[in-house]
Every structure is written in structure tokens, then in C-alpha cells.
Amino acid sequence: MSKVDQFESVFRAASKAVYHLDAPRIRKVLLVTDFDAKTAEHFSYENHQFLAVIEAIEPDSVTWDTITGDEYANIADLLERVERHKPDLLLTYRHLKSDAWKWPFSLGEYLDVLTQAAGSPVLVVPHPSEGGAMPHAVSDTDVVMAITDHLTGDDQLVNWSARFTAPNGRLFLTHVENETVFEHYIATIGKIPSIDTDDARESIFAQLMKEPTDYIESCKGVLDQSDLAIEVLPIVTIGHRLETYKKLIEDHEVDLLVMNTKDEYQAAMHGLTYPLAVELRSIPLLLL
Amino acid sequence: MTALLTQAHDVDFGVTLLFTGLLVAMILCLAFEEKIHAKKSVIVGLFAVISLLLGTAFHLLPFEPIVIRDHEIHLPVFIPGIDWNVIAIILGSSLFVDVTSKSGLFTWIAIKLTKASHGDPVRLLVLYGFMTVVFSAVLNNVTAMIIVGSLTAVSLEKLGRKDKLLGFLLIEGLLTNVGGLLTLISSVPNIIVGTKANISFLDFFLVASPYVLVMTIVTIWMGAKFFRIQGLKTGEERARARELVGAFDENDGIESKFFFWFGAVMLLAFVGVIASASVLPWIKELGMGYVAMSFGLIMLLRYKAVADRFYQAVDWDLLGFFAALFVVINVMEHAQVLHLIGDGLAKIIDLGPTTGAGLVLGTAAVASSVTDNIPLAAMLAQILGENEAIAGDPDSPFWWSVIFGANLGGNLTPIGSASTLVAVTIIHKHELSLSFARFVRTALPYAVVQLFFATVYVLLFIG
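Heads up: the sequence lines are chains A and B, in that order. Under the working numbering, the first residue of the first sequence carries the number 1, and numbering increases by one thereafter. Under the working numbering, the first residue of the second sequence carries the number 1001, and numbering increases by one thereafter.
If you're looking for bench data, these hints aren't it; they were derived computationally from the structure. It cannot be assumed that every hint is accurate.
Said to hold, decoys possible - Once the Cα atoms are required to be at most 16 Å apart in a straight line, the calculated EDC-like pairs of lysine to aspartate or glutamate come out as:
1) K1164(B) / E1431(B)
2) K16(A) / D214(A)
3) K210(A) / E1243(B)
4) K1102(B) / E1243(B)
5) K1429(B) / D5(A)
6) K210(A) / D1252(B)
7) K16(A) / D1252(B)
8) K16(A) / D1249(B)
9) K1112(B) / E1243(B)
10) K246(A) / D149(A)
11) K38(A) / E71(A)
12) K210(A) / D1249(B)
13) K97(A) / D112(A)
14) K3(A) / D1315(B)
15) K16(A) / E1243(B)
16) K262(A) / D155(A)
17) K16(A) / E1250(B)
18) K16(A) / D1315(B)
19) K3(A) / D1317(B)
As the list claims (entries may be wrong) - Which bits of chain B does chain A cover? Going by a derived footprint, with three or more residues having C-beta under 8 Å, they are:
20) 1098-1111
21) 1151-1164
22) 1250-1256
23) 1425-1438
All figures in this text were calculated on a predicted structure; none of them were measured in a lab. Note that CB positions come from ideal geometry on N, CA and C, so glycine has one too.
Kindly produce the complete structure, drawing on both the sequences and the hints.
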């Protein structure tokens, strides 16, 4: 009966994930700071420039609110205020009410909770006091990169990424397969006599690369037809993910990195995202 | 050559009964193949070994050399008894179909039809039903069931209609045996009986096609009613279903455009040459086995460096089963077992072309529902071939009674044919419950209607 499975595989491979454009509407942006009102205003102004793209389609359609440092004393306070505002987007930075930003080992307790508890995406900009933002970052979003280890069918990630790509900008849709995991499985297959290891390596690798490539083609087809006027570029590869992403960000001078943080199987941040969010401190991150 | 080796000789009645017992035991073992966990080739191979040994011990087998144009040829006694033309047709066709499927042609057709249905369950059932019949006719019913069944599982899963999977697969399984009637090469009983009766490919098609068309429509209609397969009602449902099936990419399985078109042309050429094999100069001498092997080999040229992969994929169990079966039947002829059964069958044949042919059809159907229809067809073809009145008449209703009965009997039980067994296997693979008894209960109305119309058709329109 192996032939039934063989044909089912052929038909499953032919059944492709199709991208649907559904650009998220952003009406309310909430800046969460630990500054006083004056510094917060300056911070808000800078980010208005950086995020000009969100008003590019419908000018003056977005309301910007700010939470200053004296408005909350703990996480519960902050969550309550965020809930009251019901923002479409949160904008903040690492290590609110802490000087731990000097040590690049965590996100800070406020941001940790916000990314998981708030209902809206969180845009994390480099810490204003750190001054380590890349020269091209924080000025505009004409190079946006969506990153994931499972891009196929992730319409939400692509929609948010496309929404934040400035007109005439470039959107990189990337899928980096975890090389360590891949090699682990191939090593296991290498110990199973009934499976041809070389054949398995070749076939599994080809299929792993094909699915996101096909999906990006679908995204490109739809986005090219839309009125967003952005260029969609594919990057599908295998490697050590953190290293690979760092190199991609440097090579392409990425202005904004978009990634998922929610994981249906755990309360903490999505496995790949946490180390990336901790280490990639010099460019803004949009955490979905 | 077989006739040469089966000249009637005196055999003790007790010896004939002993070999009859062996034949019955073999048929029972085949019927309980699943229970005894043994492949057909092993079961029949074992009986071939025992039959040959006993045949030699009782001095039944001719160990003389075979003389062809004054040349003596020394062959093992079990070799000439095998119908190598049938073996060559099955081996060549299966290689041809296997390599051609690599071109992506069959999946392309299957996905195109899926998209043409727009995801509507009724249209899907109709298109898959006809696809099953055509694939069964052109390829073989097992391959047809594998292709259509696997696509059905994937597409219904995509459409969120797995609740209809059982109905779809069951109807497709039943239709493989209807489609298996369409041409001379559609099923092994057709090949065995058709070649024995000297029915040409075209004549076979012209006789069988009206019945197949009507029964396909009737079976699909009954299936839609019994399994409550209904069309989509709202525009929203239709749009969603259309979008879902639209996500299938029919070109995904095509590695090379050239090979795809080559496969399509070769498939048409294969059907064309097989259809005209009885009139084409040289080919009519070489036979359909030569045609099938030649086409299989030509297709293999594309994969000449890795041809061994396709040899590994050949169903050697089936081929071994056939070879051993022909050996057993040959020994049974020498032991006068077929003569004994033929005497019993002669009483039915003597009832005339109406009652007799009707009874042969019914008997063949019941017998093939509980055991493999191939030994049954091989045995009955051999017996009918020895009846002088029937042997020379390709239009005799008795040949067609065996063909219809042996094919359609497979729809009475899940073990009645290889393709219904494949359907049941796919059903179980998708964790749907279908016991032997439930299959019989569900399939019975279809099988009864098909057999009733087959009997009427054979009696009224053939002969």
C-alpha cells in the first residue's frame, strides 16, 4: 500500500497555501514609556517620523496616545491602562523602569509580559538611552524583513510586514530552516536501514525549501497586484537561525524586523523570537 | 502449446479427486489470504510445488521435449504451462503505467478535474466517478483506485468534508470493477477470457461500453442518494470551496514539460496500438504482451540510469501469483480436474444461452465475491475453451457471462477484488470504520443492480 501514500504525498504537495491580503487597520497607537511627559513627547515625535508609513494610506487617521512613567507603578497597572486604551499597536522599548538595558541579556519584565498579555502587536524600538541603533534604522521602514521558521500559510505575519513597508520599499519574506534540527533528523534517519539517507536528505531538504518558496510566490503575486507598491523578495535557506538572521539584517540594512511571539503550546515567548528580541537591539522589532 | 501438454489421458478418479481437493484448498487459502497473513504468490506457489510433485509422482505430467519446427526444446515441465502473453501484458503495462505516472500526467488530469468541480461535492463525485472508470479502463483498476482514492482523501480533507470520505471511496471502489469491464486490458479476467475467446480489443470495447456508461451513471446516482452527497447551497459556500480547490497546483508534479507531453502521447499511442493489435501487421503476430513490454521499455529510457527502481516497484507478488496459478491449472488439467468441473459446467451450458449463460454469470459473480476472480476466470476460460460450440465463437454469451460475473462479483464483498480491497485499505488508513459485514450491507444494493443489469444485458444484447 505504499503507493497510496506515494500518491497522497503527490497530491498534498500539489495543495498549496495561498496568501490572502488583509492589511491590518491601525487606528490607535499607544506609546508606552518610562519617561516624564516632556521626554515622552519627544520620543513620540521621533517615532511619528519613523512610522510615517502607517498614515501613508489614510493621512491623519491614526490617534497617538502616550503612557508616561508616572502613570503606572507595576505591571498590573500598566496592563490595566493598556486595556483601557485598546490600541491597535503598542510602541515601546526594552527594560522599562530599569537600567538593565545596559546588559543585553533580557527584555525586561514589563516587555516580557506586554508581548504575551497585550492583545495588540508590540513594536520595540532600540532603547532611547542606549544610542546603539543602526544608522539606517529608526528613520523609515523602506526595508522590512519578516522572519520565521515556518512561513508557509502565515498570512498574518506577511500582512503586518506588508503594512509596515513604506511605499516603494522592499519586503523580505524569509524562512530559515534550523540546520541543527535538520542534521539531527538526518543523523537519526542514517541509523534506520529501511530509509535511504542520501535520498531522505535530498527529498526532505527540497520539500522544506519548496513550501515557503511556493508560498512567497503566492504572496508576491498578490502583493504585486495590490496598491501597496512594495517589492517582495524571497529568502529561503537553512542555517543556524540566529547567526543567519543577524547576517541577513546586516547585509540588507533592515529597518524593521517582524516576527511572531505567541506560541499556542506555551505561555512564554515563541522559541526563536526571545533570543532574537534580546540580541537584535540595534533595529526596531515588530512582535506579533 | 498448452493443448499439446494437456492431451487427455486416463487418470484414476481418486487421483482426480485428490487434485480437486488441492484446488479447493488453494481457493480457500486465497479467500482467507488476509487471515493467514500470506501473499498470493506464496500461497499459490506452494500449491504449485505440491501439485507438480504429486503430478510427477502419479505420472500425470509430460516430460517429453517440446518440438517446434523440428527443433527439440527442453524446458522444465512447469514453464510451457504458463501463459507468457498474459504475464508480459501485466509486466509491461505495470512498468508503462508506473513510469508514465512519473511524468505527472495522471495527477495533472486528476487535479484538473478536481478544480473543474469547483469543490462542489456532487460535481466532485461525478467527475471522480468517471475518472475512476476511465483510469480503470486505461490503466488497471488497482492503480485507478490508488490514484483516485488518494486524491479523494486529500481533496475532501482540504474541503473539510471528510465525513463524506467513506461514501466517495466506496463508490469509487465499486466503480473500478465497472470500469474494469470497459476494455480488454482493463482487468486480468478480461485479458485471460478475452484472449482465450479471441475477442478483439475493439469488439470488447463496443460490447462493454454501453453497459459501463449506464452503470457508471446509475452507481453515482445511487451513491449520491445513499450517502446524502449534496451540492453546495449558498454563494459563500461555493466561493470558499472554489478557492480551496483552486489552491491545488496541477503542474506541481510535472518535472519536465517534455516528459509530460511524451507521456501523454505515449499513453494515447499505447491505447491505440493495443486497440489495433489484432489487425496491425507484425504486431498481430507478436501479440499484446509484446506491445505492453515495448511501451514499458520505451518509457524506461527516460530513467535508464535508475531503471532498477522501477523493477523494484513491479508487483512481483502478482506476477508470481500468475505464474504459479498457470502452473497449478496446468497440473489440474493433466489430473482431469478441469474436465470434472467442465462436466458440471456442461450441465449448466446445456441449459442454453439464456438460462445457462445467466447461471454462469451468477455463479461466477458469487464465486469471485469470496475468492480471487483471476483463478476463477482462468479456470472457466480453460473449460469454455474446451467446449467446441463455445471455443470458436467470440460472441458466445458464455464468455461474457464469465467476464461480467468475474468483474462485478468483486463488488459483493471487500475481498472480492483487489481494487475494492485497496478502497477498504484507504478507508481504514483514514480511521473510518468499515467492517466486512458493513461493506457487504452497503455494497449489496449496488452489486445487485449491477449484476441484474449485466444479466439482462448479456442475455438480451450479446450472442
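Against the structure, the hints come out as follows:
no., hint, verdict
1, K1164(B) / E1431(B), "holds, 13 Å"
2, K16(A) / D214(A), "holds, 7 Å"
3, K210(A) / E1243(B), "violated, 21 Å"
4, K1102(B) / E1243(B), "violated, 27 Å"
5, K1429(B) / D5(A), "holds, 10 Å"
6, K210(A) / D1252(B), "holds, 11 Å"
7, K16(A) / D1252(B), "holds, 9 Å"
8, K16(A) / D1249(B), "holds, 7 Å"
9, K1112(B) / E1243(B), "holds, 14 Å"
10, K246(A) / D149(A), "holds, 15 Å"
11, K38(A) / E71(A), "holds, 14 Å"
12, K210(A) / D1249(B), "holds, 13 Å"
13, K97(A) / D112(A), "holds, 13 Å"
14, K3(A) / D1315(B), "holds, 11 Å"
15, K16(A) / E1243(B), "holds, 11 Å"
16, K262(A) / D155(A), "holds, 15 Å"
17, K16(A) / E1250(B), "holds, 10 Å"
18, K16(A) / D1315(B), "violated, 32 Å"
19, K3(A) / D1317(B), "holds, 15 Å"
20, 1098-1111, "holds (count 3)"
21, 1151-1164, "holds (count 5)"
22, 1250-1256, "holds (count 3)"
23, 1425-1438, "holds (count 3)"
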